[in-house]
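Next come the chains, spelled out residue by residue.
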Amino acid sequence: MSINVLLVEDSPGDVRLTQETLRNSKLPITLHVATDGVEAMSYLRHENGNGQSPRPDFILLDLNLPRMSGREVLAEVKGDDDLRTIPTIILTTSDAEVDILRSYQLQANCYLTKPVRFEEFETLVKSIDDFWLTKVKLPGRGNASD
Amino acid sequence: MKKKSFLSRMVRLAFGLAMLTLLLMGAVSYRWMVISDDSDRWVRHTHEVLSNIQDLALAMESIESATRGFVLTGKESDLDAYRANVARVAQDQATIRSLAVDTTVQQIYIPQLQVLSAERIQRAEMVINLRRTKGFASAMAAVASGPDERDTEFQALIGKTLDKELLLRTQRVARTDGYLSQSKTILILGILLGISITGIASWAAVHDSDKRAAAEESLRQSEDNYRGLMEAAPDGMVVVNQAGEMVLLNAQAEKQFGYRRDELLGQKVTNIIPEGFAERLIADGTRTAAEALAQQIGTGIELIGRRNDGTNFPIEIMLSPLESAEGILVTAAIRDISVRKNAEMHLARMEERYRGLMEAAPDGMVVVNQAGEIVLLNAQAESQFGYRRDELLGQKVTNIIPMGFAERLVADALRPVEVALAQQIGTGIELHGQRKDGTAFPIEIMLSPLKNSEGILVTAAIRDIRVRKAAEEHLAMKLEELSRSNRDLEQFAAIASHDLQEPLRMVASYTQLLARRYKGKLDSDADDFIAFAVDGATRMQQLIQDLLAYSRVASRGKDLLEISSEDALRQAIKNLGGAIQESGAVVTNGSLPNVLADESQLVQLFQNLVGNAIKYQKGGTPHVHISAVMDANRKWTFSVKDNGLGIEPQFFERIFGMFQRLHKREEFSGTGIGLAICKRIVERHGGTISVESQPGQGSTFHFSLDATALKSQQDSEVVLCQ
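So the protein lines, in turn, are chains A and B. Taking our numbering, I'd label the letters of the first sequence as residues 1 to 146. Taking our numbering, I'd label the letters of the second sequence as residues 1001 to 1722.
Hints were generated in silico from the structure; no laboratory data involved. Check before you lean on any hint, since a few could be wrong.
[Said to hold, decoys possible] Okay, derived cross-link-like pairs now, DSS-like style, lysine-lysine, Cα gap no bigger than 27 Å in a straight line:
#: 1; chain 1: A; residue 1: Lys126; chain 2: B; residue 2: Lys1519
#: 2; chain 1: B; residue 1: Lys1641; chain 2: B; residue 2: Lys1664
#: 3; chain 1: A; residue 1: Lys26; chain 2: B; residue 2: Lys1521
#: 4; chain 1: A; residue 1: Lys126; chain 2: B; residue 2: Lys1664
#: 5; chain 1: B; residue 1: Lys1519; chain 2: A; residue 2: Lys26
Put together the whole structure using the sequences plus the hints.
Set out below in structure tokens:
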């Protein structure tokens, strides 16, 4: 049973880099991509032809997005009784103090800054894979490592 | 005074009336005498007329009877009586004519009487002639046929004349009686009037003298008062009469002039005031004494007084008139003004000196009184404002400084003028001056008060600050430009570094991915090209990150707080952990103080400096020592001393610039921004950074930070890390 990850990211380069990095994972990961906030919410609420989309086990969310920002998406998700249990990790280029504080206030589960160097990015994605997708027990899935 | 004169006027009037009455009575008596005399004369006159007329009638009878006697006798001697009576008739007629000359009626009767008597005498003559020539018979016949009616006519005329005369007499007597009774009445009334007027006058006189006594008493009283007032006066007082003699003086006057009172009383005032006083009391051709005096009353006249010992001193006299029994006296209040005169002279000298100082001043100087009028100015002020001196003196200062100056001199509801002024003294006030041609120019005025006899004057030093203003404006403009360009630059750096970073991350990431996935799978050229691309992208990323860090010194800086510089150094050493371990560096420090700083920036500062010290080495064990001393300006000077390569003096400045490198990349990596960031951090903290070094002898970097408290700390060596 594969792990469904929703990646909300408008930069195709970053999407691809994440995909490339996760390709080496030992786990069967299915990456779903939304390129802006509106798309992300449609996916999560099964709207606009997303009727059969699987509920993600995990959300990787960029903050700077067109149409609807990552902060708004975060607020919607954490304000929704059904969706709020999905672990949501902020993955962004911003290292501004206000963004970090605001995100945790909106109950983000984790805040990560995209590293500039490829190796570091690779390490970061691997550590997400290693920690959040392997060690952490996610709701409704029992022990992920089994 | 008024009452008294009224009374005396009444007394005078009463006596005048009495006199007039007496005169009137005299006149009436005299007239009475004249009238009674006249009437006597008339009575006598009438009697004379009457007796003459009767005598005339008698004489005529005698002529008739003498004629008849001669006819009977024919004796010539009998004619003597006849002749005598003819003469008597002529005599009587003449007398009557002369007496009756004043009564017109008698003048008519008397000629008729004359005619009739002449006719009778003529007939008698004719009878006498007949007797002589024709004898007795014819003469007798003539007598017998005589005209009897003529005789009767004569008798009637005599009777008429007598009646007339008697009537006249009665009328005259009646008139005289009338006059007399009138005169009697007038005399009686006159006497009564005289008695009553005399009574009134006596009463008035008695009353008046009572009043006069009372007035004299009050005058004496007021004179006593006046004397008392005089003695109490602070000034010398001298009372002088119209002759210029002193009649009264007070103790102060004695003291002033050094005389005893009795030495001065009755003496000429010119003894003590030789000139200018006595002259003022005297009438001259154009004015009376009263006018002469009136012109001087109340005015302070400055004269010279002469003391008993002959010395002179300046006085001021004030005159006032004093009416007295002896005429108008003049009271002179005499004030010794030698102190004031001296002060005035002193002041005049001071003013002269002040004027000299004013003219010597480099600034325009204007002295203004409380009314805002210019009372003094110097040549510089003339040329500044383009006016001639006489065009400004006495004019309102608002003519040359329209706003902000005059207002400052004026008291308002909240403060008196002294306070208003005191608040402005010494402060440089920037205002606008206005030249004669209407152009305005910026000025700075400095006010200072100047007390003189006219009150507080204000001296304003006026400086033309056009040049300074222009320089200030230029400076402010440049400063604004500079800060704008700085802001632009910072914004540019932040935006550039952040926005450039994203695409660059793509370039770098994918070239690295490329390198990893295809290394050795393509030809060797492709491997080289990929390696260059990776290197370039990586270096550019580093540059951008450094640039961002540099720009963030200002944009992400936090407030300066009191922190421990030692803690900051420890944190920096911890961050440098890997490099220190690798190089085996020995980092030591003296006692480090608390300073006012942004902690994370101080950490970065230490990290960059210690990091450089470890990095630029020739191969031995790096030794780094950090210490701090307080300088005279209460600033801490930190020193970071190493045993590294050292720097040549010509690069001391350049190394703190952006992207300045002294070494090839192959020798030492780095973008050359570390020290630029250090400089920026130190400058943001209000300090300076510098280096002293000799190549091969190591370098010492100094930077200064503000102290938080006066705490002298001993420099003790502590090994922190090895």
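**OP:** Run the structure past the numbered hints and jot down the numbers of the failing ones, going up.
**Re:** Of the numbered hints, just 4 does not hold.
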